Every structure is written in structure tokens, then in C-alpha cells.
Amino acid sequence: MKLECKIEEIKNKILQVERITGKNLTLPVLNSILLIASGKSLKLRATNLSLGIEVEIPAKIEEEGMVAISGSVLSGIFSNVFQNENVFLENVDGNLLIKTKKSKIKLKGQSHDDFPTIPRVVGTSFEIESKKLIDGIKSVYYSSSVSDIKPEISSVFIHTNEENLVFVSTDSFRLAEKKIKSKGVPEIQGILIPFKNISEILRVFGENSSVITVCFNKNQISFSSDDIYLTSRVIDGVFPDYRQIIPKTSTTNAVLLKQDLLSALKLSNIFSDKFNQVNLKVTPKEKVFELSSNNNDIGENKTYLDAALTGESIELGFNYKYFLDCFQSINTDSISIKFSGASSPLVVSPVSDTSFTYLIMPMNR
Amino acid sequence: MNMNTKQLWKNCLVEIEAGISKANFSTWFKHTSIIKEDTGIIYIGVPNEFVRDWLINKYHKLITKTIADSYENMRAVEYSIIKIENNREAEREEVLPTGSEAYINKELPLKDLYINPEDNLNPRYRFDSFIVGGFNELAYAASQAIIDNPGTKYNPFFIYGGTGLGKTHLIQAVGNSIKEKYPNKKAHYMTLEKFATDFISSLQSNKANSFKEKYRKYDLLVIDDIQFIGKMEKIQEELFHTFNTFHEANKQIIFSSDKHPNYIPELADRLKSRFAAGMIVDISPPEYESRLAILKVKLQELNIDLDKEIVEYVASAVEGNIRELEGSLNIIVCQYRLKNRPLSLAEVKNLLKNNMKPKKNMAIKDVVKIVSEYYKLEETSVYEKTRKKEIVRARQVVMYLLREDFNVSYPLIGQKLGGKDHTTVIHSCIKIKNDLKNDPQLMQELEQIRIMFK
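Just so you know, the sequences run in chain order R and Y.
Just so we're aligned, residue 303 is where the first sequence starts under our numbering, counting upward by one.
Just so we're aligned, residue -16 is where the second sequence starts under our numbering, counting upward by one.
Hint data in this document are derived by calculation from the structure and do not stem from the laboratory.
Any given hint could turn out to be false.
[Said to hold, decoys possible] Quick list of in silico lysine-lysine cross-link-like pairs, BS3-like style, CA-CA up to 25 Å:
(1) Y:Lys336 / R:Lys325
(2) R:Lys452 / Y:Lys41
(3) Y:Lys195 / R:Lys485
(4) Y:Lys66 / R:Lys481
(5) Y:Lys255 / R:Lys520
(6) Y:Lys190 / R:Lys325
(7) R:Lys520 / Y:Lys217
(8) Y:Lys164 / R:Lys485
(9) Y:Lys255 / Y:Lys217
(10) R:Lys520 / Y:Lys5
(11) Y:Lys41 / R:Lys345
(12) R:Lys520 / Y:Lys190
(13) R:Lys550 / Y:Lys169
(14) R:Lys452 / Y:Lys66
(15) R:Lys520 / Y:Lys197
(16) R:Lys485 / Y:Lys200
(17) Y:Lys190 / R:Lys481
(18) Y:Lys197 / R:Lys481
(19) R:Lys520 / Y:Lys403
(20) R:Lys520 / Y:Lys41
(21) R:Lys498 / Y:Lys197
(22) Y:Lys5 / R:Lys483
(23) Y:Lys197 / R:Lys483
(24) R:Lys520 / Y:Lys19
(25) Y:Lys190 / R:Lys483
(26) R:Lys325 / Y:Lys5
(27) Y:Lys200 / R:Lys520
(28) Y:Lys66 / R:Lys325
(29) Y:Lys164 / R:Lys520
(30) Y:Lys19 / R:Lys485
(31) Y:Lys13 / R:Lys498
(32) R:Lys410 / Y:Lys195
It should be emphasised that the depicted structure is a prediction, and the values quoted were computed from it without experimental measurement.
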């Protein structure tokens, strides 16, 4: 293998790919990146057997070939040493020589025979702008359960509903649903992408603005753009029937400024107990929207917010963290909160935007 | 050849392990198994696509050769992905309550979906758990014929019977069996209500065409509780067209209803005749022996041993539908577990006393009126002192119903029905009770009379 390419290119790609190498796996070759020089490009491949990635870098290939090099070593080198110029890579007796104008590095390679292939997903496919896909995932993924006791909910659930691609996550204490308008997407009964793989998918495609081809079957899903191919295993399971728990009617409604609520919640947090509990009291007749929290060691706090209120009075407690989380998905200035009794979930949504719905379960007192 | 695939794979793994490095072995061969052997093709189950890809690319030759060495009938090896059951069930129960958050923060009432979203069939309904007795023999036989020849033998298949007699179980089991037997056939189960709401919402969003497409892509359509279709004219029309498309393409269609199609009110004639074109069978309430058999199977499932006496009592006391039978059994089992000792017959009787039948209040006069109307007799004749056979029978039925359904005391019944002695009343009740065990005609009569009470 012998080739020349731009440092800036290879550096970015190595940092991207390195995150997906297998750590702590029994097969040592999995913690390396496989460099494949063929045709007019250099391909980098890595996998942890749950995710697999292959990226392409334009390069001048003098001699084709491949070599596997430890991912952490490569990323360490490329994130520190070089300036913006061209780099020469050469495989000599299984070792990798890296040459630039100012440095010469020799790295020990690993046997690439044992480096696995990455599954090419065969199944239903559709195209979507990466911005839409990322927006959908980003709007909900923080709500998924982090424990892997129940793999079905430790995931982001994607399905279609009419002309929307719907993203859902829940950890059974709160639930986020985001609908993205997307024409031409085939009917999807449901794909469960493991939560652990979601952050990598976001990182790889987060900055990307191209069109992504998504291809999926019952076991695997892949995302590919011009130079990236990313594939993830999907969870074989059934997401709970969440639609039936979204309250259809409400007894109390509140509309208020997002910024007001955000500051009030942050203030309440200082006084909240170890369960992050904040109490909420809404009395539409007296036009009072009150947030309060108290902590035996610090003191207590009450904040009154301006809000448009209708319906019955209600009083309940909730975990303020769950509330704060959803602000990242709400882009409007004001938000609407709907209550339907002290023991059913609150429904939070942006005003005049039906694409996002967030449910929070109240706390027991 | 009957071979033990588990043992075969174990032997092969030992050989494969010797040939490759330990790291490779544990990465690629952990969690693999032989799922099945079918006419010489060995299906190997692997945990994910990464493993499948690599086994095919790298180890296929080795695997094929190793298996071939110890199993000469092998023709090919295939790989398929299987779900690894996580062995954390026990852990799950322990972990959840310790999280302090779980204590204080209520969970969203999320329910697991056991129903396959693609076909709507509940995998729990299978023929393994379906008990066949005299009351549903015909329906069972017809459904087996349909599984063997879907779309051609009996199309449509129309099954009717009272609530809780296992109609849904049967039709879903047909769906599940067809799905298993013909993996490329698409089955779909729904209630009529779902069909109707789908239709209405498709009209609202101006997508009537996509509605037609949606259902017509299936090879087997199962529609439950079709009796509600009366009065829904538009739905009848749509169902009619869907039905025609299915029938022309020789695709099986199955309906269930609680009434014979002729008695579904306001059902269009064209649908009536189409329902009748295939096979119409009814499921009647289980007779005593079947109830006994059902109870025994349920007890076995629950792994509980009840006294023969008690089981027989429950089977004779809880008449009518299977759902009630299960309910009564659940009460007994719950008490059994609570008390942690076998229950006595008296206790069981006491437990079931309130659960057996809803006690309604109805004047004795009205009961007599309804029964005499049903048997087309003069109301007054029931009160008369006569031994005409048909009147005696009607009088006994009145007594039985008054006692069983309305809990009227024996002397009072006797007094109200023309000054009979209470022993006469007791005799009548016992007689009807015994007759019920082996007279389906009588059972149906009582069933219909009870409906008139409502």
C-alpha cells in the first residue's frame, strides 16, 4: 500500500471513525482502524460489532493494499502532530510509515486478516435530508432509558404515520415524540435504534448537510452519504404502545413564556430535594402559576409566573430535570402545558407547533 | 433421520475452536446455535448481522466442512439472525424497586405490546392452547381445512357464537397458523370497529384509495365482531368491495360475529348471501365435559392442583361462557395462593356465590311473562295446576331461573307459582340442572331467555 492524501481530510475522518472502534472486546483487531487503499480513494473502516463505519477519503494511490492500525494510536497522532499539508502513507512489511515534510513515523500494524467486513444492508430504503433526520433524533433521544434492562425502550423508535417520520423515546418517566414531515418515505412499522449507537450517529452526521440514504431490514439499519457508510444493529423488540397514554383531553391548560419557565425551574433547582422535586400549583381563577421547592438544609422558594390559564386548579410535583430536558427541543418563545389530573402525565408542547410532544409523569407525594 | 442438533453443534464447536484463535472463536461463535435442520439444510442462528457477514465471508468453508464431517446428510448451511433472550428477567425484578426514583416517580402507564404490529395477531392465541370439545368441533375442523387450503376450501369462513366462547381465539389461531405455514402470505387481523374508523379517517383525509390499497395487499383478512356492521351503510359497501377483491383473488377471508348473518340487523342482502357462500359455523357454549376439560388444562397451565370435587363443582356451577369460567378459576387460584392451603368445597362455593351471575332484580311476574312468551304459552297457564308437558317444562324453567338468576327462596317461588310446595320447586331446579348437562337445546333456550331479561 502506498498513497498520498491531505492531512486535514484524513485527520477529520480518523477522529470520526476512531470512536466506533471496539473497546474491551475479546478480539484485539477490533480496536484498530482498517485502512484500505484501492481505486482512487483511501477507505477507513471500523466496527465494534454493534456499529460499523466506512468512510472514503480522496487520495492518490500508487499501490493498493490494506493495513490495520490501532485506532487510539492513529487518532492520538493525527490530532497532535501535523500541519495542513499532504501526508504519505506506506505499508512496509506490515508496518505503516507516515511521512510528512517534517516528520517520519513508523507504526506497528496488526494482522488485517481477522478484521471483519461490515454488513451491507439489504432492505427497504429511502432518502432523507440529514438535517431532518438529525433534528428528529436530537429532539427525542435524551428521553430514552439508559439502562439496558429493557432494550426496547433503551432506544430511539422510528416509525411512519401518514406523511410523517415519527421519532419517539421514553424511559417510562417521560416521553418525547417528534414528527418530521417527509414525503416519499415508505411505510415503516418501527425501527428501534439502540441508544448507545445514537450518539455516534449524531456525531457522524450532525455536521453533514447532504442527503442520506437510509436502508433497513429487521436486523440492521444503514445510513449512507457520499463518503460515509454507517450501519447499526437494530433492536429486535416491540416498542410499547405509547399513543394510548398521551392524554387526549385536558382539565387545565397553561401557556407561558419559555424563558420565564426556564429561569424559574433553574431557581427552583437550588432548593429542590435529592429527588429533584419541584411543586407546581396552578389556580386559573386567581391567575396564579406557582413553582415552589424546598430543601430542609437550604430553605425554600416560591416563584410566580405570568401565564394564560384555563380550566380547573391543580397541584402536583415533578422532577425538574425531566422538564429542563425538553427545552432543547422547543424552539418557540412560548410553551403550552396541559394537565389532566394530578396523577396523569403533563403534556408539554411548543405553542402552535404540533410536531413535538413531551410527556412528564408527576411525582408521588 | 432424527438427530440431535444441539449435540451436533456442540461437537462442531469443539472442532472449530481447535482450528482458530481463542479470541476469534469467542467473538464470532459465542451465542451461535443450530436452529433447525430441514431437508439437509442446516440453519445456524447468529446474534447479529456483523457476525453473519463474517461467518459467511471467513468461516463458511470451515463450518460447512466441520458439519459435513459429522453429518453426512448435510447439503447446505444457512445463517439467520435470532434474538438472544436476555437472561436478566430475574435481575429486572430486583433492580427496579431499588432505584429510589422508581419509588417516588410514577411511571408512565406504558404497556408492552405483545401484538405483532404488522398483522395485529396476538401470538398467544394458538391451537396448542385451544380446547376442542363437542361445542366447537365443527368450527375447529373447518378452520383446519382452511389452514390446509387457504382461500379455496371455505371462503369466506363465518363463525358465530355467544361472547366468551373462543371465537377470537380460534380465528386468531388460524391467522397465526397460516402465517407459520406460509411465511410469504400476509395475514391481518382487525375488529370491524378498526375497519370502520380507518375508513372514516381515510375519507376525512381524502385518501379513500390508499385505504383500499392498504387492505387489499393482504392474503388473509380476519375481521372480528362483524355484527356491528348493521346500520353502517357505507362500511357495508366498502366491505363488500374488499370482500369481492379477496374472493376473486382466492384470498381467504374470515369473519366472526355473535349472531348468524341472517340475524344481523340491517345487513344488506348482497353481504348476507356472500357470507353464506362459504362456510357458516357456530360455537355453542361448552357442555359440562368440555368445561371440565378446559378447567383441567387451565389448572395445568397454572401448575396448580385442585380437588377433583372442586373442579367438578366449578364446571357445573359456572355455565355459559369460557371467559366467566376462567374468571371464576382465577378467583379460586388467587385465594388458594393467598391462603397457601387447599380450599374446601364450601369455601369455593362461598367464593363463587357472588361472581357467578349478576343478580338482577325482576318481578317474578315478569319472569313468568318472558318465559311464557318465549314458549308461546298463555301467561296464566304457568300458574295453573296442570300437567301438560309443555307447560310443566316452562314452569320448571321459570323456577330454575328464579332460583339461579334471582336467588328467590324456594318457598316463595312455590307460593307465587300457584301454591306449590317448596320441595316441588327444589325438584324442578335439580331436574333442569341435570337436563342442562346433556341437552344443548335446553341450554340454548335458557341462553336466549336470559338475553330477553336484559
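Right, here's what the structure says about each hint:
1. Y:Lys336 / R:Lys325: 64 Å, violated
2. R:Lys452 / Y:Lys41: 33 Å, violated
3. Y:Lys195 / R:Lys485: 20 Å, holds
4. Y:Lys66 / R:Lys481: 29 Å, violated
5. Y:Lys255 / R:Lys520: 41 Å, violated
6. Y:Lys190 / R:Lys325: Between Lys190 (chain Y) and Lys325 (chain R) the Cα gap is close to 51 Å, so the pair fails against 25 Å, i.e. violated.
7. R:Lys520 / Y:Lys217: Measuring from Cα to Cα gives roughly 37 Å; hence the hint is violated.
8. Y:Lys164 / R:Lys485: 36 Å, violated
9. Y:Lys255 / Y:Lys217: 15 Å, holds
10. R:Lys520 / Y:Lys5: 30 Å, violated
11. Y:Lys41 / R:Lys345: 20 Å, holds
12. R:Lys520 / Y:Lys190: Answer violated: Lys520 (chain R) to Lys190 (chain Y) is near 29 Å, above 25 Å.
13. R:Lys550 / Y:Lys169: 33 Å, violated
14. R:Lys452 / Y:Lys66: 14 Å, holds
15. R:Lys520 / Y:Lys197: Within the cut-off at roughly 21 Å; holds.
16. R:Lys485 / Y:Lys200: Answer holds: Lys485 (chain R) to Lys200 (chain Y) is near 21 Å, not above 25 Å.
17. Y:Lys190 / R:Lys481: Measuring from Cα to Cα gives roughly 20 Å; hence the hint holds.
18. Y:Lys197 / R:Lys481: 22 Å, holds
19. R:Lys520 / Y:Lys403: 73 Å, violated
20. R:Lys520 / Y:Lys41: 23 Å, holds
21. R:Lys498 / Y:Lys197: 35 Å, violated
22. Y:Lys5 / R:Lys483: 50 Å, violated
23. Y:Lys197 / R:Lys483: 21 Å, holds
24. R:Lys520 / Y:Lys19: Holds, at roughly 20 Å.
25. Y:Lys190 / R:Lys483: 17 Å, holds
26. R:Lys325 / Y:Lys5: With a Cα-Cα distance of about 17 Å, the restraint between Lys325 (chain R) and Lys5 (chain Y) holds, given a limit of 25 Å.
27. Y:Lys200 / R:Lys520: Cα-Cα ~20 Å, so holds.
28. Y:Lys66 / R:Lys325: 23 Å, holds
29. Y:Lys164 / R:Lys520: 20 Å, holds
30. Y:Lys19 / R:Lys485: Not OK: Lys19 (chain Y) and Lys485 (chain R) at ~42 Å, beyond 25 Å, violated.
31. Y:Lys13 / R:Lys498: It holds: about 22 Å lies between the C-alpha atoms, which stays within 25 Å.
32. R:Lys410 / Y:Lys195: 63 Å, violated
Hint compliance for this structure: hints 1, 2, 4, 5, 6, 7, 8, 10, 12, 13, 19, 21, 22, 30 and 32 are not met, and every other hint is.
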